[in-house]
Every structure is written in C-alpha cells, then in structure tokens.
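*Asks:* Just need the whole structure built from these sequences, with the hints factored in.
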Amino acid sequence: MSNIAIHCEGLGKQYRLGAASQHRYKALRDVLAGAATAPFRAAAALARGERVRKEKPAPFWALRDVSFDIEHGEIVGVIGRNGAGKSTLLKILSKITTPTTGYARIHGRVGSLLEVGSGFHPELTGRDNIYMNGAILGMTRREIERKFDEIVAFAEVEKFVDTPVKRYSSGMYLRLAFAVAAHLEPEILFVDEVLAVGDAAFQKKCLGKMNEVSRQGRTIIFVSHNMTALRNLCTRAIWLADGKVVEDGEAGAVVADYLQRNSSSRLETVWDDPGTAPGNDRVRLHSVRVIPKSVDEAGQITVSSPIQLEFCYWNLVPDAVLHISIFLYSLEEVCIFNVGSEAAPRPRGLIRHTCEIPGNLLNDGCYYLRLLIVRDLSTPIFTHNNVAAFEVRDLPRAGAWYGKWQGAVRPNLKWATEVIGAESSLVRS
Amino acid sequence: MVCLRLNRSGTMQCMASDAAARLASAPQRDPDYTEIYPASGWAALKLGELWRYRELLLFLTWREIKVRYKQTAIGAGWALIQPLFTMLIFTLFFGRLAKMPSEGVPYSVFSLTALVPWIFFANGLTLSSNSLVGNANLIGKVYFPRLLIPISSVLSGFVDFVLAFILLALFCMYEGVRVHGAIVWLPVFLLLATVACLGVGLWFSALNVEYRDVRYIIPFLTQLWLFATPVVYPASLLGGRWRSVYGLNPMVSVVEGFRWAVLGTARPEGGMLAFSAVTAVVLLVSGAFYFRRMEQNFADIV
Chain A
2 MSNIAIHCEG LGKQYRLGAA SQHRYKALRD VLAGAATAPF RAAAALARGE
52 RVRKEKPAPF WALRDVSFDI EHGEIVGVIG RNGAGKSTLL KILSKITTPT
102 TGYARIHGRV GSLLEVGSGF HPELTGRDNI YMNGAILGMT RREIERKFDE
152 IVAFAEVEKF VDTPVKRYSS GMYLRLAFAV AAHLEPEILF VDEVLAVGDA
202 AFQKKCLGKM NEVSRQGRTI IFVSHNMTAL RNLCTRAIWL ADGKVVEDGE
252 AGAVVADYLQ RNSSSRLETV WDDPGTAPGN DRVRLHSVRV IPKSVDEAGQ
302 ITVSSPIQLE FCYWNLVPDA VLHISIFLYS LEEVCIFNVG SEAAPRPRGL
352 IRHTCEIPGN LLNDGCYYLR LLIVRDLSTP IFTHNNVAAF EVRDLPRAGA
402 WYGKWQGAVR PNLKWATEVI GAESSLVRS
Chain B
472 MVCLRLNRSG TMQCMASDAA ARLASAPQRD PDYTEIYPAS GWAALKLGEL
522 WRYRELLLFL TWREIKVRYK QTAIGAGWAL IQPLFTMLIF TLFFGRLAKM
572 PSEGVPYSVF SLTALVPWIF FANGLTLSSN SLVGNANLIG KVYFPRLLIP
622 ISSVLSGFVD FVLAFILLAL FCMYEGVRVH GAIVWLPVFL LLATVACLGV
672 GLWFSALNVE YRDVRYIIPF LTQLWLFATP VVYPASLLGG RWRSVYGLNP
722 MVSVVEGFRW AVLGTARPEG GMLAFSAVTA VVLLVSGAFY FRRMEQNFAD
772 IV
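From first to last, the protein sequence lines stand for chains A and B. So the first sequence is numbered by my numbering: it starts at 2 and just counts up by one. So the second sequence is numbered by my numbering: it starts at 472 and just counts up by one.
By construction, these hints were calculated from the structure, which means they are not laboratory data. The reader is advised that the hints may include incorrect statements.
[Said to hold, decoys possible] Which stretches of chain B does chain A cover? Using the computed rule of at least three CB atoms under 8 angstroms from a CB of chain A, they are:
no., region
1, 532 to 546
2, 603 to 616
3, 761 to 771
For glycine and all other residues, C-beta sits at the position ideal for the given N, C-alpha and C.
*Replies:* Put into structure tokens, the structure is as follows:
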C-alpha cells in the first residue's frame, strides 16, 4: 500500500450567491410563482428582441482547483484569512458536503473535530452525551465504555456526569466536548479552530493533547489562526487564499510568508512637502520611522528585538518650548505606555526625536503609535492618533505550550535562585 | 516535500479524471477507504454503510426517546393521553351523536383500535419530517448517513406505540373482546404502517430542508389523511368495487388489519392489501432515493 493518506485533485466547491444566500431556504410559493410567470417574462423578452436567459445567481467558488497529497503521519496546518476556503476544504474531506469538481481519496479511519459539542443535547446528562457524541464521531459503544473514565477525568466533570449538560457552565461543556473528541482514535484527524474557544488553561490542554496525538504517528489536518501553535505542531502548511492554494511547503516558511503578506505594519512614513504634511501653522510632521535593531530570519520584529523610534517635524515658530509625547497602544486599544521627550526651546527648522524601546519588553502582538506635540509642557498643539504600526512576533518556543503569553508586557526579568537552607532546616528546631 | 500539483485545466478535464480515478480504484474494498466525488444526480442507497452505522441508529433512537418527555410533569403519560382523549371525543361525537356504525363492537374500542396505529403513523410522520431541520447543527458538523435521522424519529415512536397498545389491551379486556387467532398478523400491519410512515417521512424531511412550507403542510395533511383513513368510520361504508382502490392509502389496510387482528372484524380483502403494500414500498424506495439525491447538498442549504 502506498504511504498516501489523502489525495486530492482539482477539488472545487461552488456556492450560489445572490438570491439563494439572502433566503437560506426557498419557499415553494416563490418557485411556483417563478415557474408560472416564466413564460410571460420570456415572451416579453422575445417581444423586446432580447435573447431569453435564465436568471442565475452569481456563482461563487469557495474552493477552486485544490490538489495535494498528504502522507501518513504528516501534521499539516491549513492557513488563510476568513473565507479563504479552509473550512470548506475540511467539510469536503470529512464528507459533510460534496465538492463541485475534483475528487479526493482518503486511506484510513477519519475523525473530525469541526466544532466541539455539536452533537450534544442539552437535556441529556453528561454520561448520556458522552455515549451519544462518541457514537456520532464514530466510536463504538465498547470503545466508549473503555475510555469513559478517562474522558470524564480529562474533562474534570466527575461530580456532574449525571447532571443534564444544560446545567453545565460553558467551560465544563467545552471541556467535556473536547474530551470526547480527543479520545477518538482515528488515523486521520481533521481539526478546525477548536483552539479558538476556552480559556488559556483549556487551550493549553488541547494543544498538549494534539501534540500527544501527533507523536503517535497519526495524520492531522489542522486549521487555525494560532500561528505559534501551527509553527510548532505542523511539519507542513498549506496556505489558501480565495479558495486556491497559494503556497504549500514547510510550515515555518509558509507561515512566515503568510504573515508577511498580511502584515498591517506601517514602519515608515515620510512627508516631503512641508506645505501638505499633517500639521498646522506651528508644526508640521516630516517623518516617522520604526527601526528594529534586530530581526528574525524572516525579517520580522520579535519579542527580543530592541526597536528604535524616530520622529521628525518642522517647527515653524522660533523658540517654541516643545516636546513630543507618544502613546503605544495594542490592537485591543490598551495603552501599553506613554512617554515624553524633554521639553526645551526649539529653533525654527527640522527637529528630530529618537528613543528606543528595549528588547524583551513588549509582548507579541500588533501595536500602533499615537503622537502628541506639546507646547509649554501643557498644551498639545498637534495630535496624530495613528502615526505608525508594527507587529511583534513571538519566538519559536520549546515545549508543549503554544498559547498566547499573558500580559501587556513580557519583560525578561533577571532571576536569582539559591538554596538558603540545608536539608536540616526541614526539621523544626 | 511539496506535493502540490495545481490543476488549472478546468471542469471538463476534472470530469475525465474523475472517471479514470473511479475505474482505477474500483477493486478497493477497505472499509476505511473513502472516495469523495461531486454530487451526481441519483446516488446509490448504500445500505451497507447504513448497516455499519447501526449502533449510531440505536443511539439516535435512544436519544429521541430519552429527550421526548424530559422535563414534562407526566412524562410518558402523554403517550396514553393522546389516544385516550381522542377516543373519548370520537366516541362522543361520532359514536353517540352521529351514530356511526362500528361493525358490532363498542364504538370506543372500535375507534381506539384504529387510533393506536394511526397516532403512531401521524406522530412518526411529523417527527421525521421535521427531523433534518431540527438536527441542522449536527448535519453541518459531522458526517454520518443522514437517513439515520428520519429513521430514528420513526423508530422512537415504537415506545409510545407499545404504551398505547397496552391501553388498548386493557380496554379490550374491559369491554370483553376475546383474543383472536388473527392477532399473529398484527406485526405485519405494524410493519406496513412503519414502511408507509418512513416512506412519506423521507420525502417530507428531504423536501423540508429546501422548502420550509413542509412544516405547515404536515399538520394539515395529517388531519386530511385521518379522514381519508377509516379511523372514525368502518371501511365497509365504501362500496366493494372501490374498496381495493381505497387501499392506495396504505393506512386503510393498516387500520382494517388492526381491527381484524384485535377485534376479529371482517378480514381485509387481498386486493386492498396488495394495493397498500405496493404503495408503501413504492413510497419507501422512492423516498429513500430522493433522500439520497438531496442529501448531498443538505449541509449547504439546511
């Protein structure tokens, strides 16, 4: 037998947009009315000398000509923006929907984790739902019986197995749902964004389980927006955009290219003409630069990179007492810090301020800068709410924990650890 | 290792390669081997696959039964109240006031004997018709043969049927109806009711995915069907020549058969039974094929 687990060729999926997408389902009345009036519309069109054409809603290809081979034991990440066709691909491969073109061949027992808990019935108890959901995911009753205790322990719901799940907290519900799915033993596993739910501890558990599964030599296709997890778990990545494969190859490289393409960074902006540059009759902005002092192999700013910030402006009023004040915001609009330069009388002309954000201070994420130019230490004379934006990437990590590091900042603190008492200190004197 | 082969040739060539691939992989008999192809008109029934998923069918049926009377005050008592009160109303209006003939048995037993299979049929029809729409979240997330959903809805009705049948037995004892040899034929008529119910249920459940009008048609249809079936009146009201054609409604044979098996009334005639059996089987087979055909797009439109 060949070593191919999944073979896809020319897979495509077409949806009809327009009328069909506005009303999710048709009413018989519309169909009948449409059929009844069609001859009249056709006759009217003929009378006007037009060719009769059926009104068809515009087709939309959610997936187009996707071909690849995946070998047994490969862990493949599928990346792409929302609507790129990732979920459609998994839905086709797990037989939930049929492709419009192409075909796929799958060798091995398939399990899919497309949305945890979709087989749960709120009225049934935890115990009943474990059996029910296990059966839906393709486990036999004997298999579920064998793993029952393990599932309950993993989900940490021992005390509530005989309570209807509608009385569960959302956390318990999710844990139980994931626990059932995680104990499936398919040869090929499809995972879609299960990591987007739950708290950090739960995500950690999920990723740990995925890591364990991957070490057992199973094949996994993994859709996620968590690039850190993807880079660490997957050996290979497929990047989809508008339903087509953009890149297929080693995970690190594909992820780097993907991030590069979708970066929202504005590291440098220069306004050459003092007449049109943002500002007023006192000051005009000339340039803003974000200059990383070190970058990773992909040329990206990482959590360890020191970053130099440079702001230039024209001062139009002689001897104005000016200083600049910058605010760094995260994408969630949390102000990480606000710092100001020294205030001093400035001559007319081009003024430059620079400062440096040390490495190992910012957490990974996207940031943007707000700039204030302040007169006499108190009056802002110019404000720009978003002069520059940059992204700080995480470094590759060792270990099983790939979730988002908590906190607004991530300083690299100097630790001192020493033994301050001998074994004898364990005994009370 | 890059295994990317982008196919930029378009649909025609894809079709050609589909056919080639189908031929190439024809001898494959591994149960864990899957082939995925575009939806193609009339699909095979794949009864083998249905059999492999039999455990899930039991689970789905068991879930339906368990969930049905959850958080109700009298629980399965509803399975008794429905036939009991319908019978009381029928006995009052049709038996007492309209003086409907009842082939020599008390009208209460006469109508209850018909109501037990009728309610099984009508409830099964309603449940299975709405079953796919009710399980939309499941259909969009996990694969399993979708036929299991309406089948489990119909099967779950057996519990209610058994309870209602016990009620009927008690009534017969109270009214002094003797047990008949023909009672052994009862399962056959129950099977006929099941086949007819599933056949119509498959049609409507698949139609309901696309046309939600079905939801409004069903209550109306069951009401009409009740009067097209000899539940409140005996089939003997109709002339002999039309009796066989009357069998085109399979529930006519079911109800007449139940009366024959339980109450010992006149045996349903062969022509009528044949018409009913053929109609029921045609409904089931055509329903199953229609269902399989529509099934391929359920996840996209439900």
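*Asks:* None of the hints should be skipped; say for each whether it holds.
*Replies:* These are the hints, each one checked on the structure:
Evaluation of the coverage hint for the region 532 to 546 of chain B: fulfilled, as 5 residues show C-beta separations to chain A shorter than 8 angstroms, against a requirement of three. Counting residues of the region 603 to 616 of chain B whose CB falls under 8 angstroms from any CB of chain A gives 8; the rule of at least 3 is met. Chain A is given as covering the region 761 to 771 of chain B, and this holds because 4 residues of the stretch bring a CB closer than 8 angstroms to a CB of that chain, at least three being needed.
Going through the hint list in order, the structure satisfies each hint without exception.
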